[in-house]
Amino acid sequence: MRWPSAARPPSAGRPALADVPSTGGYMVAAYVVTAVILVAYAVALYRRGNRP
Amino acid sequence: MTLLAKGRAITLLGLCGLVGVYVRALAFTPVERVQGLAQKIYYLHVPAAIWAETAMIFVGLAGAFYLFLKDERLDRFAASSAEVGTVFATIVLTTGPIWGKPIWGTWWTWDARLTSTLLLFFVYVGYLLLRAAVVDPFLRSRYAAVLGICGMFLVPFIHFSVYLFRTLHPGPIVLKPSAPSLPAPMLVTWAVSVAVFTVLYVGFVTQRYALAVRGAAPERGEAGPG
Amino acid sequence: MRETLREAWTIARKDLVLEFRTRTALLSAFVFTALVLTVFYFGRDPTAVATIDLAPSILWVTFTFAAMLALNRAFQLELEHGALDGLLVSPLSRPGLYLGKLVANLAFVALIEAVGLPLFVLFFDVPVWPVLLPLLGVMALATTGFVAVGTLFSAMVIRMRFAELMLPVLLLPFLFPPLLGAVQITARLFGGRPLSEAGGWLRLLAAYDILFVSLATLLFRHTVDE
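Residue numbers (this note's numbering), protein chains in the order written: chain A, 1 to 52; chain B, 53 to 278; chain C, 279 to 504.
For reference, chain A alone in the conformation it holds in the complex (with noise of 0.2 Å):
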């Protein structure tokens, strides 16, 4: 799947696509952490209410 960009081509000084460090690590990191937040609590809920 290629990435929809917004690179266009480098002016003087900026840095090419190519030369952004790699941070795709981190972004999944958080992705997950707040997904697992989000069900984790969603679930504890559900537990919660199912208990008599």
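Everything labelled a hint here was simulated from the structure, so no lab data went into it. Honestly, I wouldn't trust all of these hints.
Pairs of lysine to any residue, SDA-like flavour, derived with a Cα cap of 20 Å [to be verified]:
no.	chain 1	residue 1	chain 2	residue 2
1	B	Lys122	C	Leu493
2	B	Lys153	A	Tyr31
3	B	Lys122	B	Asp188
4	C	Lys292	C	Ala388
Given the structure of chain A, go ahead and fit chains B and C onto it with the hints provided.
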């Protein structure tokens, strides 16, 4: 449909919406040029921050109305909003450092949003501890309302303090994690994310409120289910 | 209004007389202050950071600890002597009661600061004399902020479990704006900058004081009444 069931339905809707946000943010939103993929953390970090703070304002308002009207539904709502606000604050405080590390090189930066949310988190924790530490339910509601109102008024002071500090000691401005003027596709993703977080807030608070109604019945001497 | 002030003075005087009769709290607060300053002195590396850079923070951390001690003592005294219920059934107005407690606490903390400041100057060799008047002004402003919120919270905390733990937990986020402001202004004073440069911080402190003293006066009755 009971209130709890409605809350669960709304939460489920919110979680489905969240999947939509994830797909849109990851696959259909342009990659920011300077920060790369990490900038996409913005679409979760900022809506969570907005709701972490709005939830606190609701806690304060509900507390204020409770002190006037003595309606315990307001107190239950305040307690629910506080718990959900804490969850959202936790999201901000975890995604913030994960974002900061590649961009600013350190896990923690005392930038305006993180500092404000950290203090807000402490207020939330204090609020929840207070509710746990007071045994008498009527006393608990009153004390929680007092703290909630003070917390609500503290929020603008925290913002102003951090703003004053930042204007004198500017943080790194070269790679600012929030772009003030987002191009349209990014703005849409952000807006959709805010909407989804709103739905999640409503769903969570509804469930938590329903649980409070059920749990509170015996201790307030009302006839209740179960 | 005048009645309220008169009541406040009655309460304040009663508390202060009680405190002076026992004197133990005051003495332990003095000793504690001296100890904290000593620890800070020996904890730093003079070759790494100039004392003058750390001095404002050291001063204010010390004062904050002292204020927390004072606040804990304030209502403990009432609890020990069982006088709280007696006060509550008396016709004293709640705002008067709060303001009285506030004045008594402020006097107590002011006394600690009056001892702490000379000790600080002695231990850290900071040129305070030329900026003494503005420094005292800042001390008055910031201390009023801490103690206003602290007096309100200590009224609640005595009826909670884990009271000694709860007061700092609840109070600390509320100390952030006045503390930050105090440190910033003090740093400018020690650095020989004109006070006008710290205008924003002074406005922050003043606004904080006005808001939270008023708020606490209004909310106090909810912490003691049924």
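Hint-by-hint comparison with the structure:
1. Lys122(B) <-> Leu493(C): This hinted pair holds, its Cα atoms lying about 19 Å apart.
2. Lys153(B) <-> Tyr31(A): Answer holds: lysine 153(B) to tyrosine 31(A) is near 15 Å, not above 20 Å.
3. Lys122(B) <-> Asp188(B): holds (15 Å)
4. Lys292(C) <-> Ala388(C): Cα-Cα ~17 Å, so holds.
In summary, the structure agrees with every hint in the numbered list given earlier.
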